[in-house]
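Peer 1: Taken in order, these protein sequences are the chains called A and B.
For the first sequence, our numbering begins at 1351 and goes up steadily by one.
For the second sequence, our numbering begins at -16 and goes up steadily by one.
Treat the hints loosely; a few may be bogus.
What the hints assert, rightly or not - Facing chain B, from chain A, some residues (calculated, C-beta under 10 Å):
| id | residue |
| --- | --- |
| 1 | Lys1369 |
| 2 | Ile1394 |
| 3 | Pro1398 |
| 4 | Thr1402 |
| 5 | Leu1412 |
| 6 | Val1417 |
To be verified - Residues of chain A clear of chain B, computed beta-carbon distances all greater than 12 Å:
| id | residue |
| --- | --- |
| 7 | Lys1352 |
| 8 | Thr1353 |
| 9 | Gly1379 |
| 10 | Phe1380 |
| 11 | Val1383 |
| 12 | Phe1392 |
| 13 | Glu1395 |
| 14 | His1396 |
| 15 | Asp1404 |
| 16 | Glu1419 |
| 17 | Glu1424 |
| 18 | Gln1425 |
| 19 | Ala1426 |
It should be emphasised that the hints constitute simulated quantities derived from the structure, not laboratory data.
Just so you know, even glycine gets a beta-carbon here, dropped at the ideal spot from N, CA and C.
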Amino acid sequence: MKTRVFVTLKNGVLDPQGKAIHHAIENLGFSGVNDVRAGRLFEIEHEPGLSTTDIETMCTKLLANMVIENFEIEQAV
Amino acid sequence: MRAAVIQFPGSNCDRDMAVAIRQITGADTHIMWHRETELPEKLDLIAIPGGFSYGDYLRSGAMAARSPIMQAVVAAAHRGVPVLGVCNGFQILTEAGLLPGALMRNAGIRFVCRNVQLTVENNQSIFTNQYEAGQSIICPVAHHDGNYFADDETLDRLEGDGRIAFRYAEPVNGSARNIAGILNASGNVLGMMPHPERMIEPLQGGSDGRRLFEGLIREIA
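Kindly generate the complete structure, drawing on both the sequences and the hints.
Peer 2: Structure follows, in structure tokens:
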């Protein structure tokens, strides 16, 4: 089984990397991009027995820093 | 006096830190590998040095904060053992939950490596008692993720409780309220981005960092 975890910065937390990427996109000649925020994707291969609660615990204990980040869990097929 | 310096894969200021502690405080200083699960008995100081532990994988300090030795460090900190985290050590202390907030990528994106001017905000702590309140000191910084972030409530609490130990005299990395170093609520844990251990004798360009270690002798010996 595969579960995906998306970790993103909380609203209001400045994202200098996202800003730099935004500038780089504009430098490539694309216009109309209003904002870019960078995050992380984890793909976790696991046994079916692993519960969503276990994955949530992994997120709060390690994958995300809850001071600055949020996470979303998605069951992949 | 007995001290431990914690060494992770990727630490690079462990030796400088050990030399500073030995030279200034005379402490019997042990360098402890991160796989250890127990610290020496009767420790008077634990130092978490700078560097790039675990290659800064995931987030700076995140992996180190979950390594075996850190459980012993957290337990010792709760017992009141003084803990000093410098640079990556500060990042590790926030990741381990011993200090509030987080250290994010520098606002200017660039790695900052230069001497900066700091203001001593609190000279009542075990780490800062040899400085004057409001004193300006020069200390080197060398980091990519030194941009201190915490919510307003936490920042107000830090200010109100006198837990901001050092502030940058001018913006260096985008840190909230120019915070360079903070204390925990009981005052026995200090995290700071600048490197006092790299400023302990004139050959290094100054010795303003020396007093931090001298302060510890007075408190502990």
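Peer 1: Now tell me if each hint is right for this structure.
Peer 2: Each hint tested on the structure:
1. A least Cβ separation of about 8 Å between A:Lys1369 and chain B falls short of the 10 Å threshold, and the interface hint therefore holds.
2. The interface hint given for A:Ile1394 is broken, as the beta carbon of that residue sits about 14 Å from the closest beta carbon of chain B, more than 10 Å.
3. At a threshold of 10 Å, the smallest CB-CB gap from A:Pro1398 to chain B is about 26 Å, leaving the interface hint violated.
4. Because the beta carbon of A:Thr1402 sits about 21 Å from the nearest beta carbon in chain B, more than 10 Å, this interface hint is broken.
5. The closest approach between the C-beta of A:Leu1412 and any C-beta of chain B is roughly 6 Å, which is under the 10 Å cut-off, so the hint is satisfied.
6. Nearest Cβ of chain B to the Cβ of A:Val1417: about 4 Å, under the 10 Å cut. The hint holds.
7. A:Lys1352, annotated as away from the interface, keeps every beta carbon of chain B farther than 12 Å; the closest lies near 20 Å.
8. With a minimum CB-CB distance of about 17 Å to chain B, A:Thr1353 clears the 12 Å threshold, and the non-interface call stands.
9. A:Gly1379, annotated as away from the interface, keeps every beta carbon of chain B farther than 12 Å; the closest lies near 22 Å.
10. At roughly 20 Å, the least C-beta separation between A:Phe1380 and chain B is larger than 12 Å, which holds for a residue marked as non-interface.
11. The claim that A:Val1383 is not at the interface with chain B holds, since no C-beta of that chain comes within 12 Å of its own (minimum 18 Å).
12. Distance to chain B contradicts A:Phe1392 as a non-interface residue, since its nearest Cβ pair spans about 10 Å, not more than 12 Å.
13. With a minimum CB-CB distance of about 18 Å to chain B, A:Glu1395 clears the 12 Å threshold, and the non-interface call stands.
14. No beta-carbon of chain B is positioned within 12 Å of the beta-carbon of A:His1396; the least distance is around 18 Å.
15. Separation of A:Asp1404 from chain B is adequate, the least Cβ-Cβ distance of about 16 Å exceeding the 12 Å criterion.
16. For A:Glu1419, the non-interface assignment is contradicted: its Cβ lies about 9 Å from the closest Cβ of chain B, within the 12 Å cut-off.
17. For A:Glu1424, the requirement that its beta carbon stay farther than 12 Å from each beta carbon of chain B is met, with the minimum near 19 Å.
18. Annotated as non-interface, A:Gln1425 keeps its C-beta farther than 12 Å from every C-beta of chain B; the closest such distance is 23 Å.
19. Every CB of chain B is more than 12 Å from the CB of A:Ala1426 (nearest about 21 Å), matching its label as outside the interface.
Checked against the numbered hints given earlier, the structure breaks hints 2, 3, 4, 12, 16 and satisfies all the rest.
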